[in-house]
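J.: What follows is the residue order along each chain.
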Amino acid sequence: MKLKQLTSLLVASGFAAVGSYAQAAELEITVQNLTRGIYFTPILVSAHVPEHHLFSVGQLPGSDIQAMAEGGDISGLAASAMAMNADNAENPAAGLLMPAASTTTMLSTSDGNTALSVVAMMLPTNDGFIGLDAWPIPQEPGTYTIYLNAYDAGTEANDEIRGGGAPGVPGMPVPPPLEDLVGTGGSGVTNVINSGFVHIHPGSLGDDDAAGGHSDINNTVQRWLNPVAMVTVTVSE
Amino acid sequence: MALQQRFGLSLVALSCLTLAACDHNDDNDPAPVPPPDISYSYELTVQNITQGQPLSPVGVTLHADAVMWEVGMPASDSLELLAEGGDNSEFLATAGVLASASGAAPILPGNDESITVTVQNEADAYLSIATMLVNTNDAFVGITGYSLAALAVQDSVTMMLPVLDAGTEANSEMQGTIPGPADGGEGFNSERDDADVVSFHPGVVTEDDGLSISVLKSEHRFDNPAVKVTITRIE
Chain A
1 MKLKQLTSLL
11 VASGFAAVGS
21 YAQAAELEIT
31 VQNLTRGIYF
41 TPILVSAHVP
51 EHHLFSVGQL
61 PGSDIQAMAE
71 GGDISGLAAS
81 AMAMNADNAE
91 NPAAGLLMPA
101 ASTTTMLSTS
111 DGNTALSVVA
121 MMLPTNDGFI
131 GLDAWPIPQE
141 PGTYTIYLNA
151 YDAGTEANDE
161 IRGGGAPGVP
171 GMPVPPPLED
181 LVGTGGSGVT
191 NVINSGFVHI
201 HPGSLGDDDA
211 AGGHSDINNT
221 VQRWLNPVAM
231 VTVTVSE
Chain B
1 MALQQRFGLS
11 LVALSCLTLA
21 ACDHNDDNDP
31 APVPPPDISY
41 SYELTVQNIT
51 QGQPLSPVGV
61 TLHADAVMWE
71 VGMPASDSLE
81 LLAEGGDNSE
91 FLATAGVLAS
101 ASGAAPILPG
111 NDESITVTVQ
121 NEADAYLSIA
131 TMLVNTNDAF
141 VGITGYSLAA
151 LAVQDSVTMM
161 LPVLDAGTEA
171 NSEMQGTIPG
181 PADGGEGFNS
191 ERDDADVVSF
201 HPGVVTEDDG
211 LSISVLKSEH
221 RFDNPAVKVT
231 ITRIE
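Chains A and B, in that order, give the protein sequences. Residues 1 to 237, numbered by full-length UniProt numbering, are exactly what the first sequence covers, in order. Residues 1 to 235, numbered by full-length UniProt numbering, are exactly what the second sequence covers, in order.
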C-alpha cells in the first residue's frame, strides 16, 4: 500500500514538473520505411499549430498535396506550414529513403506548435504517400511510436505505368535509383481518377510481366500492407 | 512506455530502501537466510486470425534486454530457419535465452494455443516469440525484446501482430518453395536470394491475383494483423 502511494506521488510530481514548461519541446524523430520494396521521396516533418493540416482524409487535396504525392515535391507544403510559423525538418534522408531504412532528425518546436505531421510520396505509385496528420505531441518526456498508413491523394489515376511527376502529368515518376526496378510497356491499369479526395490507398495491383502487362509495378516486391512507416518520437526532458 | 519505465525505476529504488532498512533491524538474527526462489511464469495465448495460413509451432523465449531481429537488418540464421521452414529449434537455442517453450503443433486458422514459459528469479525478463505463416516463402509473425517487468501477477496485455518478411528468400510463391500444405515444397535453404533485410511483408499475390507461377490461391491471402497474442503473468 505504502509503495503504491509513493509511486503515484512520484508520477504525479513528474506530471507537475512537465506541465510547468508548457509547449516548446526538443524532439528526436526517426522515420522508418517498413516496406519490402517501396521508396520514400523527400520527407517533410512539421510541428505546427493543431489547427493546421498538411493533408486531411476525406478532403479535397490542394495543389501542394498534389505536388508532393504525384512528384515528391514538398516545397509547397513546407512553405504553407512555415507561413503558419511551423517548425519544419525538410528532407532528413537527403533524398530517397530506401525500403526498410530509417532516418533521424532533431526538431526544436516553438510554443504552440503542438501537432506533428509527416508526409512523403511512395515510389513506385502514382500519387501514394505516407501520412501522419497533426499528431498531438505529448508533453510527458519519453519515447513514442506511431505507425503510418499509406494514403492516396486522389488526384491521379492509378495507372501504375511510367510517366511523369509534375502535377497533372499521368503515370509514375521513375528517378534513376528505380530505373531497373520498375517495369516497362504496361498498358495501364486504369485511367479513372479514383475519388478526388484523400483516402487510404487501396494498394497497387502490379503484375508479373516486367516488359508488358497492365502495370509497371512488380507484384511480388512493390506491393505493401499497412502500416508502411514507423515514426519514433523522443520528447526530451 | 515512458510511464512503464518510470514505474519500474521507482519500484526498484523503493525496494532497495526497504531492504536497507531491514538489514539494520536484523542485527540480532543469527544467520541470513537465502531468499527463496521466485518463479515468474507467463501464459501466452496465440490465436491465428488469418483465413488460410497455418502457423508453425510458436517459439517462445525469455532473455535479457535484446532483440532477435530488427526491421532493416539481416535476419539471423536461426530466424531464417524459422521463417523459411517453420523450425523453431535454433530460435529457442539462441545464446542468452533464460527460458523457452515451444507450441505443441501448428495453429490452424481460427484456432489458438496457450503456451506457458517460466523463469526463476528474473523479474526483468524480455520476451521474444516467432512463428511462420507456412503457406509463404519466408513470412513470420513475432514479438521481440518486449519487457515483461511491468506485468504484475494476473496482469495481461494483448497485441495484434503484423506479418514480417525475413528477407532471406524471394517471395516467388513458386511450386516447390513453400513448405506449408498449399505446396509441400522446400522449407529452409541457406541461400539468401532476397533483400536480406527484415521488413514488413508486402502480402502474397497468389495465382488468382495475377502471379502466374504462384501455387497460392486467393484463400492464402492475408492482411495485417494476422495473429493475436495475449500475455498473462500467472505467477
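Just so you know, the hints here were simulated from the structure itself, not pulled from any lab data. All residues carry an ideal CB built from backbone N, CA and C; glycine is no exception. It is possible that part of the hints are untrue.
Said to hold, decoys possible - Pairwise CB distance ranges (calculated): (1) B/174 with A/145: 30 to 38 Å; (2) B/95 with A/211: 18 to 26 Å; (3) B/51 with A/210: 27 to 35 Å; (4) A/166 with B/65: 47 to 55 Å; (5) A/168 with B/155: 25 to 33 Å; (6) B/65 with A/168: 50 to 58 Å; (7) A/80 with B/109: 45 to 53 Å; (8) B/207 with A/24: 32 to 40 Å.
Stated by the list, open to error - In silico EDC-like pairs for lysine to aspartate or glutamate, Cα to Cα no more than 20 Å straight-line: (9) B/228 with B/122; (10) B/228 with B/112; (11) B/217 with B/186; (12) B/217 with A/28; (13) B/217 with A/208; (14) B/228 with B/113.
To be verified - Chain B is nowhere near these chain A residues, computed Cβ spacing over 12 Å in every case: (15) 26; (16) 33; (17) 88; (18) 177.
J.: Each hint should be assessed against the structure and marked as holding or not.
T.: Here's how the hints hold up against the structure:
1. B/174 with A/145: 30 to 38 Å: Given a distance of about 36 Å, which is inside 30 to 38 Å, the answer is holds.
2. B/95 with A/211: 18 to 26 Å: Check failed, 47 Å falls outside 18 to 26 Å.
3. B/51 with A/210: 27 to 35 Å: About 29 Å separates the Cβ atoms of residue 51 of chain B and residue 210 of chain A, which means 27 to 35 Å holds.
4. A/166 with B/65: 47 to 55 Å: holds (49 Å)
5. A/168 with B/155: 25 to 33 Å: Given range 25 to 33 Å: violated, Cβ gap about 55 Å.
6. B/65 with A/168: 50 to 58 Å: Because 52 Å falls inside the window, the suggested range holds.
7. A/80 with B/109: 45 to 53 Å: holds (48 Å)
8. B/207 with A/24: 32 to 40 Å: Given a distance of about 56 Å, which is not inside 32 to 40 Å, the answer is violated.
9. B/228 with B/122: violated (26 Å)
10. B/228 with B/112: holds (9 Å)
11. B/217 with B/186: holds (18 Å)
12. B/217 with A/28: violated (44 Å)
13. B/217 with A/208: This hinted pair holds, its Cα atoms lying about 16 Å apart.
14. B/228 with B/113: With Cα atoms ~11 Å apart, residue 228 of chain B and residue 113 of chain B stay inside 20 Å; holds.
15. 26: holds (15 Å)
16. 33: violated (8 Å)
17. 88: Its Cβ never comes within 12 Å of chain B, the nearest being 25 Å, so this holds.
18. 177: Its Cβ never comes within 12 Å of chain B, the nearest being 14 Å, so this holds.
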